[in-house]
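Assemble the complex: chain A is given as a structure, and chains B and C must be docked to it using the hints.
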Amino acid sequence: MYPFTYHRPDSVSAAAKLAGDAEAKVMAGGMTLLPTMKQRLASPGAIVDLNGVSGLSGVTVAGGKVTIGAMTRHADVHTSAELRKAIPALADLAGWIGDPMVRHRGTIGGSVANNDPAADYPAACMALGATIVTDRREIAAEDFFTGLFDTALEQGELITKIVFPVPQKAAYQKFRNPASRYAIVGVFVAQTSAGVRVAVTGAGESGVFRVKSFEDALSKDFSAKAIEAIKLPTDGLNSDIHADAVYRAHLINVMARRAVDAAK
Amino acid sequence: MSGTGIGARVQRKEDFRFLTGKGNYTDDVNRYGQTHAAFLRSPHAHAEILSIDAAAALAMPGVVAIFTGDDLAADKIGGLICGWMIHSKDGEPMKAGAHPALAQGKVRYVGDHVAVVIAETLSQARDALEKILVDYKVLPATVATSDALKPGAPVVHDVAPDNAVYRWALGNEAETEAAFAKAAHVTRMDIVNNRLIPNPMEPRAAVGDYDSGNDAFTLYTTSQNPHVARLVLSAFIGIAPEHKLRVIAPDVGGGFGSKIFIYAEETVCVWAAKKVGRPVKWTSDRTEAFLADAHGRDHVTHAELALDAAGKILGLRVHTTANLGAYLSTFSSSVPTYLYAPLLSGQYDIPAIYCEVDGVYTNTAPVDAYRGAGRPEATFVIERIVEVAARELGKDPAAFRRQNFVTSFPHQTPVIMCYDAGDYGAALDKALSMADYAGIGARKAESARKGMLRGIGLSAYIEACGIAPSAAVGSLGAGVGLWESAEVRVNPIGTVEILTGSHSHGQGHETTFAQLVSERLGISIDNVSIVHGDTDKVQMGMGTYGSRSGAVGMSAIVKALDKIEAKAKKVAGFVLEASADDIDFKDGKFTVRGTDKEIDFASVALQAYIAHKFNGQELEPGLKESAFWDPTNFTFPAGVHICEVEIDPATGVTRIERWTAVDDFGNVINPMIVEGQVHGGIAQGVGQALLEGAVYDATGQLVTASYMDYAMPRAGDLPSYQIGMTQTVCPSNPLGIKGCGEAGAIAAPPAVINAITDALGHEDIAMPATPLAVWRAIQKHQPRAAAE
Amino acid sequence: MATVSMSVNGKLVSRDIDPRTLLVDFLREHLRLTGTHVGCDTTQCGCCTVHVDGKAMKSCTLLAIGLEGAQITTIEGLAKGQELHPMQAAFREHHGLQCGFCTPGMIMAAVDMVNRKGNHLDDQTIREELEGNICRCTGYHNIVKAIHSGAEAMGAAK
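One line per chain: the protein sequences are A, B and C, in this order.
Per the working numbering, residue 561 is the first one in the first sequence, and the count goes up by one each step.
Per the working numbering, residue 32 is the first one in the second sequence, and the count goes up by one each step.
Per the working numbering, residue 120 is the first one in the third sequence, and the count goes up by one each step.
If we strip away everything but chain A, and leave its shape as in the complex, we get:
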């Protein structure tokens, strides 16, 4: 690790101020940032640790919406009884992230802000039509994830919470990389009153994306059969030693069908 100045603010405003420095990097759980820094692949001049900021954690369900504080740990999302009643798919998804130790520390806000192309939460945000709430505005998921490790966040802008509309039915299916256990393909399918949304993580060269052809077919007929014959193009899909684009395109279909079958 390179040297850095450590800050532990106790309020969102103080944190935002410190994070406004172009050299600074915000740390929530640190589950991605710290390994990156350990391998000297990142060298922030300052770390703004959000773990001293209160009021950013917790899951609440009201008015057909689930609100999850940015600093809520994956384990707490996974085990939230309220969430499991409202959007079981989202609670399940949190249980697929990393491992039990990582889930104790990693946060939903950190994961969403990092927008790793193989992370799980971005798929849920996109499929459920979530709103990312920051210290200064509200951003629709559609506008938030702008590319590989890239988001609409400005320097110093902090996610405070994420609001998920409760769908009629949803499910997440993840096909894990045998080594890293990140998603090779993760498909989140949500059936809402406005139609079906399908978001895919792990597969796209530019991160999470929606699958219009699946959505159209499933909006008409919410069954695995409805999408079985739809072949996805391989353009824009990742290829690596674990999965080439052809295999990923195939897996998106398989995982989407399994998600449809599992949706509740």
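Some clues are possibly wrong.
Said to hold, decoys possible - For lysine to any residue, the following SDA-like pairs were computed, each having C-alpha atoms within a straight-line distance of at most 25 angstroms:
(1) K174(C) x G747(B)
(2) K277(C) x G612(A)
(3) K264(C) x R689(B)
(4) K130(C) x G612(A)
(5) K53(B) x D242(C)
(6) K620(B) x A597(B)
(7) K620(B) x R689(B)
(8) K264(C) x G38(B)
(9) K644(B) x S634(B)
In short, the hints are calculated from the structure, not lab data.
The following block gives chains B and C in isolation, referenced to the frame of chain A:
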């Protein structure tokens, strides 16, 4: 059998310290005034070093020194060696390229050692590394095994202009040709044995220390064989004479072969300790371990099996290209030759075998012994080809194997080995029964109903362990003898210390060796301690690998215990006023035959030391004996493993549904520990078959350089195992032990692949059979059936 | 340098540290609690698992400076003198360790697993929950048995 004697499931004596965090691993060792080393590694697979400018780095805070290959050369520090001479078919000795601990003029793989920074803290050493300026002239690289011998391939070492280390052969070519000439059927296969990265959970580490008052060095290091490390560092590398160099291998967190070898890092740490006048510590991080620990396997093979009309095997012909990497590691040359081809007969009576092996250089990490070392590669060849032959002939694979089994012993194979004892049919029967082989048809049908593919695969493996008779391996080119030593020190109060040249890094010697002593001397295992891993304490030793600690290491202890008993009888004779010839020793008591006179072991020990009852000129006081055991033969553990898999054709995911292992290890000291060795071996073999594979890209960059890309078997990837044993006693050592450490890793890969190919209905799949590979194999051969 | 204070195995400790100091280095280098190990660089192997405020975490991926006031339990804090914690005892009884290097992390993860999932664990749950702990020696068979048995024993000891 006593409660803690031979054959008892005794809980391990060493566990308390490991369970409570009180183990003492090399990275736990800190010496006063210690500095930290970090190695600058080559980012290129092949390059000339035009210049190294360390001036800016030297000026960084905390930097104590920076050394390069020139500094080692100036001190006349020799290069790393390969200790097994292999001769090519034409009689030429192998072409060993120079292997300096820090590069001299050229780097030959990504991760090769360019320079070392020694600093006050590890962070400072790493900060300074980035400031060293190296001007490289990047050269084209030879990366793939199958490319190394192609005309025009970039040359790794000038001494081997065609990249061939050797072109070696074993067996009888003419007899094998004749066997093929009369064959009714020939099965042919191309086989790749994938490159693996050993990954013991404890990364390598070294602390070098120099005592200027005595001009003596101490090296703490993660070694499976500290005496061999000392020998090499002393006699070949030239750090210091052996009596001025102490090597300590404290608790070692797994080795699997990778900690046998003498590497650049420990060489540099111990040498640099004198240069900087302070202790020098280095601990590998995992990325360095991926890059620079010796890798394993990496064979490309063509094999042919000749059969008569009845399905009897007539001959086997094998050609293998073995990738040895960029330099010859310590024992690398022997692995694809004498640890490989002599096992190609498997459990079968094969009249004629001929095997050619081309060892090749490439611009990749050195390849050396990894759990099984040569024997898994041989077993994969023979167990795949007999499976495929059976399928081609329409025979049941189990029946086909049985038809060709060796059934009488001793059995001389055409490839050196003389199998001394075994009952291969018994293991097969037991395994088939435990695995419910007869019921596989119903289970396949059940899977098919769910849209899944089920398959079953056998592996009837044999290995040569108990390495090894010194004269025999010497005649084959080994630079060392492969005996083992033991010293039994009985203290005056009757407690016992066993000093052994074996080294435990997970095998539980502190328990099993104590069980042997407890059984022999009739004392509690709590009164026995095992001393190992320190060249100042233990006389000499060859270390632990090749499933040799039981068969060879314990045999040395038995021999020393025989001497202890003989001497103790003399002492008892004086005390009990009887002739030593009339003394019996049983259950810890010496008795005079035909009388009620007796004395216990502890009392005899005391008498031996106080020496009041005998004349010190007639009988030496004390009770301490040592012995060296040199085996008379290899040992031949064998068995049958059966793997049953279910494949999801929609994703290519393979799940192991059942694993049955029936092994014949001869006599067993502690079944609990032996079963644990089998479990771990299977997991590594399944890892090779399903998950693990080192991947270099075309330029020689290691793609799988962390756990993000190299898939380690996790608990969820593996099943629980059904373990069974059969037993034929090994005739070549006093305990009848065959050895168990490598069996699982040797047996498992062909069992998995035979099961997968059974499920797929064709043979076109390579290891690791990842979901991607299996899915592609399904697409290629039956694209319609695979659609979900 | 900055000062951090936390409770480690019930003992309050306070040290001046470089902010870069990871919890695992704080434990190993500053407190000489070397039972917590480092087996990888990528937060995957689990050899460094400790409990932070009662929850298992990977100490290689936590800044010590951020743990002001935290309660840390390491492998050294489990046994009462010579008396092993039931999970430690189960690992010994079932031969759930060989080289011992992953063992501290395995045991800390196992105790946490029981804290979260209860005393009656089936094999599949145990295997899934061991996602973040890699062992190269045992093939996991005996670790799974040990955790099953240790979980029951922890229940009985309550």
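Evaluated hints:
With a CA separation close to 22 angstroms, the supplied pair K174(C) and G747(B) stays within the 25 angstroms bound. Taking the CA atoms of K277(C) and G612(A), the gap is about 34 angstroms. The hint is violated against a cut of 25 angstroms. Restraint check: the Cα-Cα separation between K264(C) and R689(B) comes to about 17 angstroms, which is no more than 25 angstroms; the hinted pair holds. Note on K130(C) and G612(A): the hinted pairing holds, with a Cα-Cα distance of about 23 angstroms set against a maximum of 25 angstroms.
Simply put, K53(B) and D242(C) have alpha-carbon atoms about 29 angstroms apart, too far for the 25 angstroms limit, and the pair is violated. Distance restraint check for K620(B) and A597(B): the Cα-Cα separation of roughly 13 angstroms lies within the 25 angstroms cut-off, and the hinted pair is therefore satisfied. Restraint check for K620(B) and R689(B): the C-alpha separation of about 48 angstroms exceeds 25 angstroms, so the hint is violated. A threshold of 25 angstroms between alpha carbons decides the hint, and for K264(C) with G38(B) the separation of about 22 angstroms falls inside it, so the pair holds.
The suggested pairing of K644(B) with S634(B) holds, with an alpha-carbon distance near 12 angstroms, which does not exceed 25 angstroms.
Consistency note: the structure conflicts with the earlier hints numbered 2, 5, 7.
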